[in-house]
Amino acid sequence: MNRPPPLLVRYAENLFWLARYLERVENLARLIDVTQTFESPGHETESWYALVRINADEESFARRAGVIEPEAIKRFYLIEADNPTSITASIEAARTNARVLRPLISTEMWKQLNEFHYALMRLKPEELEGDALSRLCARIKEGVQAQAGITEGTFFRDQGWHFHELGRLIERADQTTRLLDIKFHLLVPREREERRLAELTQWGTVLRAAAGYHAFRRVAPVDFSPADVVAFLLTDGSFPRSVRLCLAEIERHLTELRVRYGLGGTLAALERVEEMRGAIHGLRAERLIVDGLHEFLDAVQRDLMLLATEIGTAFFREWRPPHQKQEAAQ
Amino acid sequence: MDVEVENPFLGYDPGPYFCELGSNRVGDAGAGARIRSRIGALGLDALRSRARAAETDLFNLGITFTVYSEANVIDRILPFDCIPRLITAAEWRHLEEGVRQRVAALNAFLDDIYHAQRILADRVVPADLVRGNPGYRPEMEDFPVRFGTYVHICGIDIVRDERGDFRVLEDNARTPSGVSYVIENRHLMLRAFPDLMAGMLLAPVDDYGQRLRAALTEIAPDGVADPCVVLLSPGIYNSAYFEHVFLAREMGVPLVEGRDLCVENDRVFMLTTSGLRPVHTIYRRIGDDFLDPMVFRSDSILGVPGLIGAWRRGHVALANAVGTGVADDKAIYAYMPRIIRYYLGEDPILPNVETYICREHEGLAFTLAHLAELVVKPVGESGGYGITIGPRTSRAGLEAARAALLADPANWISQPVVGLSVGPTLCEEGIRARHLDLRPFAVTGRDSWVLPGGLTRVALKGGSLIVNSSQGGGSKDTWVLAGAEA
Numbered sequence: 001m002n003r004p005p006p007l008l009v010r011y012a013e014n015l016f017w018l019a020r021y022l023e024r025v026e027n028l029a030r031l032i033d034v035t036q037t038f039e040s041p042g043h044e045t046e047s048w049y050a051l052v053r054i055n056a057d058e059e060s061f062a063r064r065a066g067v068i069e070p071e072a073i074k075r076f077y078l079i080e081a082d083n084p085t086s087i088t089a090s091i092e093a094a095r096t097n098a099r100v101l102r103p104l105i106s107t108e109m110w111k112q113l114n115e116f117h118y119a120l121m122r123l124k125p126e127e128l129e130g131d132a133l134s135r136l137c138a139r140i141k142e143g144v145q146a147q148a149g150i151t152e153g154t155f156f157r158d159q160g161w162h163f164h165e166l167g168r169l170i171e172r173a174d175q176t177t178r179l180l181d182i183k184f185h186l187l188v189p190r191e192r193e194e195r196r197l198a199e200l201t202q203w204g205t206v207l208r209a210a211a212g213y214h215a216f217r218r219v220a221p222v223d224f225s226p227a228d229v230v231a232f233l234l235t236d237g238s239f240p241r242s243v244r245l246c247l248a249e250i251e252r253h254l255t256e257l258r259v260r261y262g263l264g265g266t267l268a269a270l271e272r273v274e275e276m277r278g279a280i281h282g283l284r285a286e287r288l289i290v291d292g293l294h295e296f297l298d299a300v301q302r303d304l305m306l307l308a309t310e311i312g313t314a315f316f317r318e319w320r321p322p323h324q325k326q327e328a329a330q
Numbered sequence: 001m002d003v004e005v006e007n008p009f010l011g012y013d014p015g016p017y018f019c020e021l022g023s024n025r026v027g028d029a030g031a032g033a034r035i036r037s038r039i040g041a042l043g044l045d046a047l048r049s050r051a052r053a054a055e056t057d058l059f060n061l062g063i064t065f066t067v068y069s070e071a072n073v074i075d076r077i078l079p080f081d082c083i084p085r086l087i088t089a090a091e092w093r094h095l096e097e098g099v100r101q102r103v104a105a106l107n108a109f110l111d112d113i114y115h116a117q118r119i120l121a122d123r124v125v126p127a128d129l130v131r132g133n134p135g136y137r138p139e140m141e142d143f144p145v146r147f148g149t150y151v152h153i154c155g156i157d158i159v160r161d162e163r164g165d166f167r168v169l170e171d172n173a174r175t176p177s178g179v180s181y182v183i184e185n186r187h188l189m190l191r192a193f194p195d196l197m198a199g200m201l202l203a204p205v206d207d208y209g210q211r212l213r214a215a216l217t218e219i220a221p222d223g224v225a226d227p228c229v230v231l232l233s234p235g236i237y238n239s240a241y242f243e244h245v246f247l248a249r250e251m252g253v254p255l256v257e258g259r260d261l262c263v264e265n266d267r268v269f270m271l272t273t274s275g276l277r278p279v280h281t282i283y284r285r286i287g288d289d290f291l292d293p294m295v296f297r298s299d300s301i302l303g304v305p306g307l308i309g310a311w312r313r314g315h316v317a318l319a320n321a322v323g324t325g326v327a328d329d330k331a332i333y334a335y336m337p338r339i340i341r342y343y344l345g346e347d348p349i350l351p352n353v354e355t356y357i358c359r360e361h362e363g364l365a366f367t368l369a370h371l372a373e374l375v376v377k378p379v380g381e382s383g384g385y386g387i388t389i390g391p392r393t394s395r396a397g398l399e400a401a402r403a404a405l406l407a408d409p410a411n412w413i414s415q416p417v418v419g420l421s422v423g424p425t426l427c428e429e430g431i432r433a434r435h436l437d438l439r440p441f442a443v444t445g446r447d448s449w450v451l452p453g454g455l456t457r458v459a460l461k462g463g464s465l466i467v468n469s470s471q472g473g474g475s476k477d478t479w480v481l482a483g484a485e486a
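Those protein sequences? They're chains U and R, same order as listed.
Each residue of the first sequence is one higher than the one before, counting from 1 in the numbering used here.
Each residue of the second sequence is one higher than the one before, counting from 1 in the numbering used here.
Simulated from the structure, these hints should not be mistaken for laboratory data.
Only a predicted model underlies this, so the values are computations on that prediction, with no experimental measurement involved.
Heads up, a few of these hints could be off.
Quick look at which bits of chain U chain R covers, simulated, 3 or more residues with Cβ under 8 Å [stated by the list, open to error]:
#1 102–108
#2 111–118
Derived Cβ-Cβ restraints for the label pairs, each shown as a range [said to hold, decoys possible]:
#3 R/Glu428 to U/Arg53: 51 to 57 Å
#4 U/Ala138 to R/Val67: 32 to 38 Å
#5 R/Thr66 to U/Arg252: 36 to 42 Å
By construction, the Cβ of each residue, glycine as well, lies at the ideal position given by its N, Cα and C atoms.
Assemble the whole structure, with the sequences as input and the hints as a guide.
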């Protein structure tokens with residue numbers, strides 16, 4: 001075979017977003033599931049509203065739903081296509097990207113996503129009630145995981161795959177920080193012993209939501225502290241959803257694009273990743289909890305956004321024909 | 001009904017029409033009878049449940065076209081009928097030859113009217129019909145195309161009359177669609193009805209993509225070692241987007257939209273992650289009007305500014321060429337038999353449906369005398385507008401048609417009502433006779449190649465002669481017998 005086929009800029013962008021939206025769907029299902037588990041008698045509304053806060057959706061929720069109550073929040077995130085941060089909207093966006101990418105992605109990827117989308121578009125309100133909700137979240141997670149598996153096993157690994165993985169990893173790192181942040185918004189009892197126990201349960205649930213509970217058990221000390229959980233989710237070198245591992249993978253994909261495909265535009269993004277890895281690497285979890293975990297997580301989220309912007313500027317928006325540049329300048 | 005479950009063909013009656021799955025077809029070596037007995041053995045229930053599963057499969061695979069209605073975007077499958085349509089090896093040789101001849105004549109005609117215009121000077125075709133035709137592009141005059149091929153991809157609609165004679169109903173020389181269904185229908189049959197096909201030697205349909213790519217590579221500008229071919233689509237909102245995806249994949253070439261291309265120094269490039277890459281042949285699935293806002297419709301955002309300039313400089317090839325619409329026009333269609341004789345010195349292998357040209361005295365006289373038996377069509381319209389079907393029109397309606405004919409005879413042609421052939425089709429009531437047509441596809445670079453078979457469309461409504469997907473039509477797999485059966 002001759003040289004690797006070129007990749008249209010538009011496809012690179014669609015691949016990046018396809019993976020991002022799917023990862024977002026999975027993580028939102030994880031967040032909803034964990035919120036459901038956190039729900040404590042008398043404080044349901046506060047628990048559910050935490051979801052709205054960590055997604056910075058307060059304003060949008062007030063505009064679309066009005067009354068703050070658990071059912072409205074579930075609908076807001078699971079059914080309402082009008083809400084751009086809902087699972088429905090994300091799966092719709094993922095499918096639209098996939099549709100554009102049909103010439104490129106495998107038939108099996110398209111078929112699974114098409115069926116998954118079809119199922120999610122037909123959710124009934126009763127599937128959000130009681131124990132059905134947890135099952136629904138599990139189904140949504142599995143749908144995305146099936147897609148990830150099919151992608152792993154069938155998607156041609158040329159440069160397009162690297163853009164796909166970049167989107168997925170950036171979103172995943174971002175979502176891990178949000179999952180960690182949910183703890184920040186939760187109420188805990190005031191009594192000391194009761195508080196200790198409640199916190200333990202909550203951290204355990206956060207870990208379970210991130211699918212990291214058992215791995216954490218293996219590496220954490222017996223009498224673990226909240227700082228150990230924070231350190232695990234942010235800095236563990238082997239946990240697939242840790243921010244550190246995501247950043248290492250992002251760096252690997254950017255480097256591949258640079259070395260194998262000669263894409264010089266990766267330079268700015270590579271520099272930013274290096275900076276971010278430095279910050280994560282030198283992190284002291286105990287200090288972080290005292291100084292302000294929430295602020296730190298916010299900063300990581302901002303950095304990830306800048307990273308995505310740098311990749312976007314370098315590859316998706318830089319190459320525009322002259323006439324379009326003129327239009328943009330007008 | 002119970003009896004029909006036992007013998008599914010009990011309620012099947014082709015009536016006066018030619019049956020495409022008749023048990024005594026000449027030269028089918030018993031294939032028709034074998035298919036019927038296999039379907040009989042399956043039984044109606046199994047047939048129905050397999051047909052349903054097959055249609056779900058099509059939907060899940062996204063082998064769909066898109067319908068827009070009041071802000072809703074609906075993906076629909078082209079309804080699929082699982083009872084195949086059969087073409088014998090001898091019939092196919094005849095059809096194939098006829099399609100080649102037709103394509104050769106269409107290309108010769110286009111080459112002539114955009115150069116010397118001999119056919120107009122010789123008054124074989126009226127000059128005003130060509131020069132005044134909305135499909136005629138003066139921009140094309142004296143512009144040479146490779147091998148004299150204008151129509152690289154051609155779809156010819158063919159019907160079969162009561163006697164079983166094949167006749168051409170329409171030429172599609174712009175951007176004909178439907179070929180993806182030919183191949184997907186075959187794959188679907190192989191998945192869902194392997195037992196129906198067992199032991200049948202059918203002409204394969206799988207190399208369409210390769211043939212198309214080869215032809216598009218052939219027509220690329222001279223001196224390009226490894227030409228880059230792309231398929232230009234209007235994008236995901238186009239109703240034929242699935243077919244664009246299908247063809248790009250079968251050819252292994254990028255599917256691009258107008259915004260992926262740019263023109264610099266009269267050369268076309270596509271925007272890739274590693275910069276601008278030259279493009280040499282564009283299989284465009286957008287109409288002439290939308291190709292280049294600098295030359296045609298200035299409000300078009302689907303096209304590429306400067307594309308026509310690059311083409312005229314010979315730096316990029318377009319398939320089909322610009323300006324082919326004049327050749328597949330209804331008014332020109334009537335002259336096709338004469339066009340074939342004029343350029344090729346041969347009689348048409350596939351006759352037209354008999355057509356009376358009302359701008360000619362005899363045609364008008366005949367039409368007026370037989371108004372109640374004929375279909376009268378305006379030449380400039382498409383989509384079935386302005387048509388009067390004599391046998392189904394009231395006396396007042398016929399008088400109105402007569403007045404319109406007399407007021408402007410040149411605007412009209414007339415044809416006898418053709419009783420299209422039928423094939424057994426799975427319907428609500430059971431297996432019934434439904435009318436069919438056939439659209440074979442020809443690919444032409446230096447030479448022509450015709451995909452064996454083509455798209456068989458079927459009118460799913462009883463008695464209906466309209467096979468269009470927009471009007472309740474579906475499709476069938478088309479089986480061309482490759483020769484002796486195994």
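Honestly, do R/Glu428 and U/Arg53 meet the 51 to 57 Å range at C-beta?
55 Å Cβ-Cβ, so the 51 to 57 Å window holds.
Within the region 102–108 of chain U, is the number of residues with a Cβ closer than 8 Å to a Cβ of chain R three or more?
holds (count 3)
Quick check: does the Cβ-Cβ distance between R/Thr66 and U/Arg252 fall within 36 to 42 Å?
With Cβ atoms ~39 Å apart, the hint holds.
Within 8 Å of chain R's CB atoms, at least three CB atoms from the region 111–118 of chain U: coverage verdict:
With 4 residues close enough to chain R, the hint holds.
Against the range 32 to 38 Å, how does the distance between the Cβ atoms of U/Ala138 and R/Val67 compare: consistent or not?
Hint holds: Cβ distance 35 Å, inside 32 to 38 Å.
Violated hints for the displayed structure: none, as all numbered hints are satisfied.
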